[in-house]
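A.B. asks: With these hints in hand, go ahead and build the complete structure from the sequences.
These protein sequences, in sequence, are chains G and Y. For the first sequence, the numbering used here gives the first residue as 1, with consecutive numbering after it. For the second sequence, the numbering used here gives the first residue as 313, with consecutive numbering after it.
A couple of the hints might just be wrong.
Said to hold, decoys possible - Straight-line Cα separation of at most 30 Å, BS3-like style, residue types lysine-lysine; simulated pairs:
(1) G:K246 to G:K283
(2) G:K246 to Y:K496
(3) Y:K457 to G:K246
(4) G:K246 to G:K288
(5) Y:K457 to Y:K496
Claimed, not checked - Okay, the calculated beta carbon distance ranges per label pair:
(6) G:L173 to Y:T346: 53 to 61 Å
(7) G:S302 to Y:E436: 33 to 41 Å
(8) G:C156 to Y:R453: 57 to 65 Å
(9) G:L242 to Y:S384: 51 to 59 Å
(10) G:D186 to Y:G481: 31 to 39 Å
(11) Y:A497 to G:C156: 53 to 61 Å
(12) Y:D465 to G:S302: 36 to 44 Å
(13) G:M194 to Y:Q449: 39 to 47 Å
(14) G:R208 to Y:T476: 40 to 48 Å
(15) Y:R412 to G:G284: 47 to 55 Å
(16) G:G272 to Y:G481: 38 to 46 Å
(17) G:C156 to Y:G481: 46 to 54 Å
(18) G:R170 to Y:A368: 30 to 38 Å
Unchecked claim - A few chain Y residues that don't get close to chain G, going by computed Cβ distances all over 12 Å:
(19) A331
(20) L334
(21) V337
(22) A360
(23) T387
(24) N405
(25) R413
(26) E442
(27) P452
(28) R453
No lab work stands behind these hints: they were computed from the structure. Glycine included, each C-beta is placed from N, C-alpha and C at the ideal position.
The chain contents come next:
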Amino acid sequence: MMPSDQNTVMFPATGAGHLDPADLSVYAMQLVSGDQAAAIAGHLSHCPDCRAELARIHGDLALVAMTVDLDTPSPASRQRLLSQLAREKRIAVPAQSASAQLVQPQVQTAEPQQAKPIAAFGRSGSVLSMEERKPKRRAGLIILTGLGWAAAAGLCLVAGSLLRDRQNLRRDLASQSGQIDRLTADAAQAHQLMDALTNPGAMRVSMRMPATEKPPQTPSGGVTYNPDKGSLVFLASNMAPLEQYKAYELWIIPADNAAAIPAGTFHPDRQGNAAVVMPDLPKGIPAKAFGVTVEPDGGSQSPTMPLVMFGN
Amino acid sequence: MNSETVAVNPTAPVAEDDALLLTRVHSGEESAMTSLYDRYSRLVYSVALRVLRDAAAAEDVMQEVLMQVWRSPSTFASTRGSLGGWLAVVARNRAIDLLRRRRPTDSVDDIALASNFNLADEAERSSLMEHARTAIQQLPRAQRKTLEMAFFDGLTHSEIAEMTGDPLGTVKTRIRGALTSLRKALQP
Numbered sequence: 001m002m003p004s005d006q007n008t009v010m011f012p013a014t015g016a017g018h019l020d021p022a023d024l025s026v027y028a029m030q031l032v033s034g035d036q037a038a039a040i041a042g043h044l045s046h047c048p049d050c051r052a053e054l055a056r057i058h059g060d061l062a063l064v065a066m067t068v069d070l071d072t073p074s075p076a077s078r079q080r081l082l083s084q085l086a087r088e089k090r091i092a093v094p095a096q097s098a099s100a101q102l103v104q105p106q107v108q109t110a111e112p113q114q115a116k117p118i119a120a121f122g123r124s125g126s127v128l129s130m131e132e133r134k135p136k137r138r139a140g141l142i143i144l145t146g147l148g149w150a151a152a153a154g155l156c157l158v159a160g161s162l163l164r165d166r167q168n169l170r171r172d173l174a175s176q177s178g179q180i181d182r183l184t185a186d187a188a189q190a191h192q193l194m195d196a197l198t199n200p201g202a203m204r205v206s207m208r209m210p211a212t213e214k215p216p217q218t219p220s221g222g223v224t225y226n227p228d229k230g231s232l233v234f235l236a237s238n239m240a241p242l243e244q245y246k247a248y249e250l251w252i253i254p255a256d257n258a259a260a261i262p263a264g265t266f267h268p269d270r271q272g273n274a275a276v277v278m279p280d281l282p283k284g285i286p287a288k289a290f291g292v293t294v295e296p297d298g299g300s301q302s303p304t305m306p307l308v309m310f311g312n
Numbered sequence: 313m314n315s316e317t318v319a320v321n322p323t324a325p326v327a328e329d330d331a332l333l334l335t336r337v338h339s340g341e342e343s344a345m346t347s348l349y350d351r352y353s354r355l356v357y358s359v360a361l362r363v364l365r366d367a368a369a370a371e372d373v374m375q376e377v378l379m380q381v382w383r384s385p386s387t388f389a390s391t392r393g394s395l396g397g398w399l400a401v402v403a404r405n406r407a408i409d410l411l412r413r414r415r416p417t418d419s420v421d422d423i424a425l426a427s428n429f430n431l432a433d434e435a436e437r438s439s440l441m442e443h444a445r446t447a448i449q450q451l452p453r454a455q456r457k458t459l460e461m462a463f464f465d466g467l468t469h470s471e472i473a474e475m476t477g478d479p480l481g482t483v484k485t486r487i488r489g490a491l492t493s494l495r496k497a498l499q500p
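C.D. replies: Structure (structure tokens):
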């Protein structure tokens with residue numbers, strides 16, 4: 001938040017004692033400074049009406065999020081998630097028990113150490129001897145009590161330190177695991193890509209625009225498709241930009257004349273280049289041809305004519 | 313304060329579907345997470361990508377948000393509204409944090425979301441997205457740009473005011489007006 005903002009915007013409550021919804025809106029988007037955010041959070045903690053309005057604003061923000069054009073994450077991201085799930089499943093269970101081991105002893109050991117000396121004094125010695133030794137006992141009681149508390153405090157410090165170390169190690173481990181997963185997934189994807197491009201069984205098809213009028217730059221593309229593995233790489237260039245909410249969609253036209261199979265949507269970049277790399281496809285579908293159509297963003301179940309690219 | 317009441321629809325079958333999915337996540341079923349991925353990964357990824365304009369970073373955010381559900385499935389309670397909407401808002405916030413190179417600014421626990429849209433259903437999700445896009449396009453241009461600068465670019469209202477030359481109050485009013493218009497346009 002800019003300093004000028006801090007001077008001019010105080011987020012006052014309205015006449016009804018509630019926060020201005022406009023202020024709540026920028027707060028919901030996390031666009032206010034720490035002090036201002038703290039002040040708003042303080043009000044929210046005791047104002048159910050403002051909390052309800054904030055929830056409604058979050059609902060509105062979800063609608064704003066819904067306006068994005070949908071893109072598809074790389075296939076490797078799914079594998080990366082699964083790997084991370086498997087790793088965290090193994091880590092999470094012992095981590096909790098380790099946490100319990102670290103935290104519980106400090107409670108269990110602290111109590112006996114501070115209670116034992118006091119209880120022991122109450123049970124030992126006669127009344128007379130207790131009277132005679134009163135000052136000494138009192139001093140001993142204070143010392144032992146102090147020692148007990150000191151021991152408990154020491155254990156707390158050690159436990160806290162161990163807990164902090166454990167959290168740091170766990171964070172490092174999670175971070176490194178994430179990096180390893182990502183590298184592994186990237187390597188697997190690269191291997192798949194190389195295999196798709198170099199496999200002798202792959203068919204290679206050049207695609208061109210079938211239009212009668214030739215634009216200044218003719219769109220062109222190429223497909224490398226391996227039906228046995230269901231792997232496909234499509235690269236295109238000189239693709240025309242699309243209207244809003246439209247996407248190009250690549251189609252496989254099966255050799256047995258079955259219905260065309262969608263093989264992924266794509267948007268060209270500013271230079272007109274585009275790619276569809278390793279989409280999820282069924283295996284064992286020999287292709288007769290390939291085509292590209294313009295579809296609503298998100299793709300269609302069947303191609304909408306005309307074809308903007310075709311190849312066989 | 314707006315006195316309009318927006319309630320989560322507890323009887324909708326698809327919302328239950330999300331709740332069941334979360335129950336399975338809670339019990340440690342990895343297959344539930346793959347279902348969650350299939351249902352919401354494109355939305356979460358696309359929101360992060362729109363903010364960050366970097367595919368790898370957007371995938372990192374998506375991974376983090378989905379893993380948050382795996383690590384703490386109780387973080388999202390069904391009373392918090394639409395799971396898809398919640399994931400989208402959390403993804404946006406994490407992406408903005410990353411964009412501004414700052415630590416996560418709030419706990420995901422802080423985000424309760426009142427919504428009666430069942431985004432678990434693909435048809436309803438697609439329909440809602442289409443309507444939301446139409447609704448945002450129909451906003452006055454200055455209002456839409458201000459909202460997008462705040463939501464997708466993470467610019468504070470002060471920064472927006474500096475860039476556009478508009479007074480701070482105008483910026484906030486535009487943001488509020490845009491959100492209110494969206495809400496009204498998409499009221500079921």
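A.B. asks: Would you mind marking each hint as holding or not holding in the structure?
C.D. replies: Evaluation of the provided hints:
1. G:K246 to G:K283: 28 Å, holds
2. G:K246 to Y:K496: 26 Å, holds
3. Y:K457 to G:K246: Holds: K457 (chain Y) and K246 (chain G) sit about 21 Å apart, inside 30 Å.
4. G:K246 to G:K288: 26 Å, holds
5. Y:K457 to Y:K496: Judged against 30 Å, a Cα distance of about 19 Å means the pair holds.
6. G:L173 to Y:T346: 53 to 61 Å: 23 Å, violated
7. G:S302 to Y:E436: 33 to 41 Å: This hint is violated: roughly 22 Å between Cβ atoms.
8. G:C156 to Y:R453: 57 to 65 Å: Once the Cβ atoms are compared, 60 Å apart, the range 57 to 65 Å for R453 (chain Y) and C156 (chain G) holds.
9. G:L242 to Y:S384: 51 to 59 Å: Taking Cβ atoms as reference, L242 (chain G) and S384 (chain Y) lie about 40 Å apart, which means the hint is violated.
10. G:D186 to Y:G481: 31 to 39 Å: 48 Å, violated
11. Y:A497 to G:C156: 53 to 61 Å: 56 Å, holds
12. Y:D465 to G:S302: 36 to 44 Å: Because 38 Å falls inside the window, the suggested range holds.
13. G:M194 to Y:Q449: 39 to 47 Å: 43 Å, holds
14. G:R208 to Y:T476: 40 to 48 Å: 46 Å, holds
15. Y:R412 to G:G284: 47 to 55 Å: 48 Å, holds
16. G:G272 to Y:G481: 38 to 46 Å: 44 Å, holds
17. G:C156 to Y:G481: 46 to 54 Å: 51 Å, holds
18. G:R170 to Y:A368: 30 to 38 Å: 24 Å, violated
19. A331: 17 Å, holds
20. L334: At about 15 Å from chain G, L334 (chain Y) clears the 12 Å cut-off, so the statement holds.
21. V337: 10 Å, violated
22. A360: The assertion about A360 (chain Y) is violated, with a minimum of 9 Å to chain G.
23. T387: 14 Å, holds
24. N405: Nearest chain G Cβ is 6 Å from N405 (chain Y), so the label is violated.
25. R413: The assertion about R413 (chain Y) holds, with a minimum of 14 Å to chain G.
26. E442: 8 Å, violated
27. P452: 15 Å, holds
28. R453: 15 Å, holds
Checked against the numbered hints above, the structure breaks hints 6, 7, 9, 10, 18, 21, 22, 24 and 26 and satisfies the rest.
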